[in-house]
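Asks: Okay, here's what each chain looks like letter by letter:
There are 2 protein chains.
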Amino acid sequence: MDTLAQKVNRILEGDHAEIIAKVKEVLSRPEFAYENPYDYQNFRETVLKWCKILADEGMGSIGYPEAYGGKGDLHRYFTVMETISYHDLSLVIKFGVQFGLWGMSVLNLGTEKHHQKYMKAIGSLELPGSFAMTETSHGSNVRGIRTTATYHHENQSFTVHTPVEGARKTYIGNAALHAQAATVFAKLIIGEEDYGVCAFIVPLRDKDGTILPGVRIEDCGMKMGLNGVDNGRIWFDQVNIPKENLLDRFVQIDEHGNFQTPIPNRGRRFFTMLGTLVGGRIGIPKSALSAAKTGLTIAIKYANHRRQFGPKDGKEVLILDYQTHQKRLLPLLAKAYALHFSLEKLARGFVSHQGQPEEMIRYEGLAAGLKAYATWNTTKTLQECREACGGKGFLSENRIGILKNDSDIYTTFEGDNTVLMLLVAKSRLTHYKETYKDLDFSDVVNYVVNEAIINITELNPITIRDTSDSHLLDFEFYMDAFTYRENSILKSAARRVKSYLSDGMDAFDAFNRCSNHFINLGKSYVERIVLRDFIEAIGKIEDTAVKASLTRLCQLYALSTIEENKGWYLEQDYIVGNKSKAIRNMSVQIGKEVRKDALDLVNAFQIPDSCLSAPIAFSALG
Amino acid sequence: MDTLAQKVNRILEGDHAEIIAKVKEVLSRPEFAYENPYDYQNFRETVLKWCKILADEGMGSIGYPEAYGGKGDLHRYFTVMETISYHDLSLVIKFGVQFGLWGMSVLNLGTEKHHQKYMKAIGSLELPGSFAMTETSHGSNVRGIRTTATYHHENQSFTVHTPVEGARKTYIGNAALHAQAATVFAKLIIGEEDYGVCAFIVPLRDKDGTILPGVRIEDCGMKMGLNGVDNGRIWFDQVNIPKENLLDRFVQIDEHGNFQTPIPNRGRRFFTMLGTLVGGRIGIPKSALSAAKTGLTIAIKYANHRRQFGPKDGKEVLILDYQTHQKRLLPLLAKAYALHFSLEKLARGFVSHQGQPEEMIRYEGLAAGLKAYATWNTTKTLQECREACGGKGFLSENRIGILKNDSDIYTTFEGDNTVLMLLVAKSRLTHYKETYKDLDFSDVVNYVVNEAIINITELNPITIRDTSDSHLLDFEFYMDAFTYRENSILKSAARRVKSYLSDGMDAFDAFNRCSNHFINLGKSYVERIVLRDFIEAIGKIEDTAVKASLTRLCQLYALSTIEENKGWYLEQDYIVGNKSKAIRNMSVQIGKEVRKDALDLVNAFQIPDSCLSAPIAFSALG
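These protein sequence lines are chains A and B, in that order. Be aware that the first sequence starts at 1, since it is given in our numbering, and climbs by one per residue. Be aware that the second sequence starts at 1, since it is given in our numbering, and climbs by one per residue.
Hint data in this document are derived by calculation from the structure and do not stem from the laboratory. On a predicted model such as this, the values are computed, not experimentally measured, just so you know. It is possible that some hints are incorrect.
Straight-line C-alpha distance at most 20 Å; calculated DMTMM-like pairs for lysine to aspartate or glutamate [as the list claims (entries may be wrong)]:
1. B:Lys120 to B:Glu66
2. B:Lys315 to A:Glu593
3. A:Lys592 to B:Asp509
4. B:Lys24 to B:Asp39
5. B:Lys581 to A:Glu593
6. A:Lys301 to A:Glu593
Across the chosen pairs, the derived CB separations fall in these ranges [unchecked claim]:
7. B:Gln6 to A:Ile189: 46 to 54 Å
8. A:Gly214 to B:Gln6: 47 to 55 Å
9. B:Asp194 to A:Glu476: 58 to 66 Å
10. A:Glu316 to B:Lys22: 44 to 52 Å
11. A:Ile464 to B:Asn585: 51 to 59 Å
12. B:Ser492 to A:Asp474: 41 to 49 Å
13. A:Arg495 to B:Glu359: 53 to 61 Å
14. B:Thr544 to A:Ser499: 32 to 40 Å
15. B:Leu459 to A:Gly504: 38 to 46 Å
16. A:Asp56 to B:Asp206: 49 to 57 Å
17. B:Ile263 to A:Ala548: 51 to 59 Å
18. B:Glu25 to A:Ile53: 49 to 57 Å
19. B:Gln156 to A:Glu316: 52 to 60 Å
20. B:Ser352 to A:Glu316: 35 to 43 Å
Beta carbons: idealized from backbone N, C-alpha and C, even for Gly.
I would like the entire structure built from these sequences, with the hints used as guidance.
Replies: Laid out in structure tokens, this is it:
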């Protein structure tokens, strides 16, 4: 008979069990033995070698069209990233830079001629490349970048140039050592006119790795983590590239040297281009979640084994049986499960709606929000796991430390989390705009405030006092609570912005003055979606034991999220004080139930034992 | 005229300006140039060399009596630790192991003969040593350690022995390479009798560094941080030491081979011995605070320089002018100041009440609480600072990453924070026991519950609704709110324990069932003390501008702490929903005011520029 862990694992892996097994098989080969990540010059070469093996196994190109050697299976590409992340995060980032950022930018921003020329070489890692967007002075504000690509009609070429120090490209993965070319984002200049940010393929090194004339590259050096990735800085000094190197899906230059585009609105064009790159915001939170799952597996296994203190003259007690320890780890286990289902649904939906721009806008907002929520959660989870393992958590033989260091930057790259949450909030407000296309931002705000388009439940004086077990364990109560919070914050945020705008405040200032409020809006939206997806996933489970176990996890996720926000709920009179206390007590009680399954629930992740500790790597240092 | 930063610095440094300047002068010498901390075999030797220089300058022995080459100035010893922490945390921990743990254990647990023989050699670092308490199976639960020291009256000696694998000493600083001796904690066995945990001086290596017979030492290897400290594991195989090596201040063996002690109660004796070592719980939070101050200096300077986004066609905006950025960093700045004054007061009080056992018990509780509160705060602060610096925060040239890694274990060593907070809570309950000595634990609980000894303010229906600026900015409001919270939680925690005990539950289980509650009790106590000390410090300031600036910081500390706990306050009807919102708005408003002084307030820490980045160390790697 199957164990609970095995049954849950089947739910988690679904129809991707085969690709997961395949990736694990590759990663279990002797070439993938861990080594010292701080000996970074060697480690970078190792990680390149690891990427090459994965490419040879067809993992890099799996998301590309079959015509270019791929399998046309973007969803499995995300699963590959997720699985690689159990082994090493430098590996998944180097892999993601090459096959995701570099490859997908050529695929999504380029056209047939680029695909023909580059995609096979990218997918096989014959042509290592970079994604050169971020500049020293402009990270979050990509529209402000200052690298230029000036068109010369006379010889059908562009000159790519770094006009000021702040326009150097920075933190560029693959750049310090291996990239032979890059997708470079630069402002397209034709004549005197600036046509805004476009993307170009710029060669950086020849086949022998010699840096090409006009290109200067500096190593970003050692970092807190991800030291297997060679991040670098790039300057261009009047570098010439042929006209065909413009990635011309959304911008073209015609035979007369005139600018052409299917999307004349500059802002819309910019966001459409960026929108095609949103896949990174699915791969990254999935990778982050794998790191959180690894940390939880280590910490929960340890807590189920380690004893300390106990009743007088009795046996010492397992630390997982301490109320405080349960409170630290089990809500995070619940959240990891919640995020698993939500990210899976996001990936599936994103992949199946490719080529539907209206749908894509929705997925962009969702991906931004989940990326921020999942990566912050990983930082928090690994911190708790480190502390929950005490001194053991600090030794390098325990992989929590390296996971913490490697994943720390996840909250910054692929979009700074705070900036993303603000973006999500704005998209929640302006999603009404999609329906009423002629409205501008302040019209939308007015509309949201004045019309009854946001459905806010009437508070029921009995429900706000209901502390019965059946109510506190009811999915409907949770959905109502999460939805109520999201809608109320949305309405009140809109109201505040409107009042500032009415006072004549500049839109930027008005938005800034409400930005703490908007962060809460973003979070409340994401939390509602995550809960919805978790409940939906549970609804599909047939096995009684699995369903009961995941139901308790979902209850713990919902209750602990409401508890975290109890200040807000009490402020709004959504619950009374006694109910707030009852929620806390119920959360402790459900935690005790979840504790019974905890070992099964981490075993269900089926993270290879070799990924839970790294004794070899570090004895090799001694 | 002095700047605000200079004036505030004088308040912070007080009469320790001279020793701080002296330490900084030493640390600014070329020998202290940064190097790669991950090249740990070299780095460990460098850190030893650094310690030696500090010892030669008299910094190591500064807290020892003048008779043994010291200055008898324990308070300045803490200030030395705090200042060294700006430079490097491996250094301060190696320093603390040698001069604090090793030296102070000999000083406080030993007697005249030990002081004569060892103290000068320890203070000069001629005799490097360790503090071998923690065992693999027993970290937090020190009374459970299993190393034995068996007395042999016939030849006036002890045999020190590791009877089982779980009794090996572990994570022992200085042990892997440098210690020539250690204070070893072991159960004293005389005949068949086990007299509980005592401390012994056990030689580990000879002058040449050769490990002595019967001793086995293993390197703990690479760690997440603090790689300049050589942590090791130690096993003893029937190691013989002379009788005089028993640190015999609290336990003696008389000339007939009989056990003697001035404190016959075994539990009290154990805690008295540990109590003399409480100094570490003052040095560690002070060191942690220095790391937080360094992170805040880096992040706030960066935020006051970095621009991103802005109004249409306007200049980009400093990121410190974003509401979200202010909310992330400025309450942490306020908390750093709050902790500064509280830790200073703790150090001063602890030093001036040496030799007064009743007072010491109070300081032990306070030190445990502040250690946990300050070190958790450092972890949180450095995390926010890393994220607030974006990609820059991830590069090793920025010291935030190394500070994060080095300080992460601070929440575990010198007592796991969760265990400490539970200890604090217990000490708050049983502090009534001191007054009523004949009560046992459950009597105390009954007493607390039944008698009106805890003063809980009557809630005033006007005050709970008062949203006037003058009220929200009033120190009296804050003190009342913090005190009310502490006392209410104390009373309700006692009530809960009592009800479990009345139901016949075992005391251990009853306490465990309330432990989330007790954690809150510990925190609320510490927060009340920290606020009280901050207000008291501000009361002594004469300069108007400084007083106004620190008053705003204190307001921000109090308001953001109340905001963090608003769920609790609302549950208890201490405030109504509207007041909760008003507190949040006032906190944002005061944050904007604090932002104006923010640069001065970090400059007032006067952290050397060389401690804010480490470009040399890491270019040397390239």
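Asks: Does each hint hold? Answer for all of them.
Replies: Verification of the supplied hints:
no.: 1; hint: B:Lys120 to B:Glu66; in the structure: 10 Å, holds
no.: 2; hint: B:Lys315 to A:Glu593; in the structure: 56 Å, violated
no.: 3; hint: A:Lys592 to B:Asp509; in the structure: 14 Å, holds
no.: 4; hint: B:Lys24 to B:Asp39; in the structure: 25 Å, violated
no.: 5; hint: B:Lys581 to A:Glu593; in the structure: 36 Å, violated
no.: 6; hint: A:Lys301 to A:Glu593; in the structure: 17 Å, holds
no.: 7; hint: B:Gln6 to A:Ile189: 46 to 54 Å; in the structure: 49 Å, holds
no.: 8; hint: A:Gly214 to B:Gln6: 47 to 55 Å; in the structure: 49 Å, holds
no.: 9; hint: B:Asp194 to A:Glu476: 58 to 66 Å; in the structure: 59 Å, holds
no.: 10; hint: A:Glu316 to B:Lys22: 44 to 52 Å; in the structure: 47 Å, holds
no.: 11; hint: A:Ile464 to B:Asn585: 51 to 59 Å; in the structure: 25 Å, violated
no.: 12; hint: B:Ser492 to A:Asp474: 41 to 49 Å; in the structure: 28 Å, violated
no.: 13; hint: A:Arg495 to B:Glu359: 53 to 61 Å; in the structure: 55 Å, holds
no.: 14; hint: B:Thr544 to A:Ser499: 32 to 40 Å; in the structure: 36 Å, holds
no.: 15; hint: B:Leu459 to A:Gly504: 38 to 46 Å; in the structure: 42 Å, holds
no.: 16; hint: A:Asp56 to B:Asp206: 49 to 57 Å; in the structure: 55 Å, holds
no.: 17; hint: B:Ile263 to A:Ala548: 51 to 59 Å; in the structure: 54 Å, holds
no.: 18; hint: B:Glu25 to A:Ile53: 49 to 57 Å; in the structure: 54 Å, holds
no.: 19; hint: B:Gln156 to A:Glu316: 52 to 60 Å; in the structure: 35 Å, violated
no.: 20; hint: B:Ser352 to A:Glu316: 35 to 43 Å; in the structure: 39 Å, holds
Checked against the numbered hints listed earlier, the structure breaks hints 2, 4, 5, 11, 12, 19; every other hint is satisfied.
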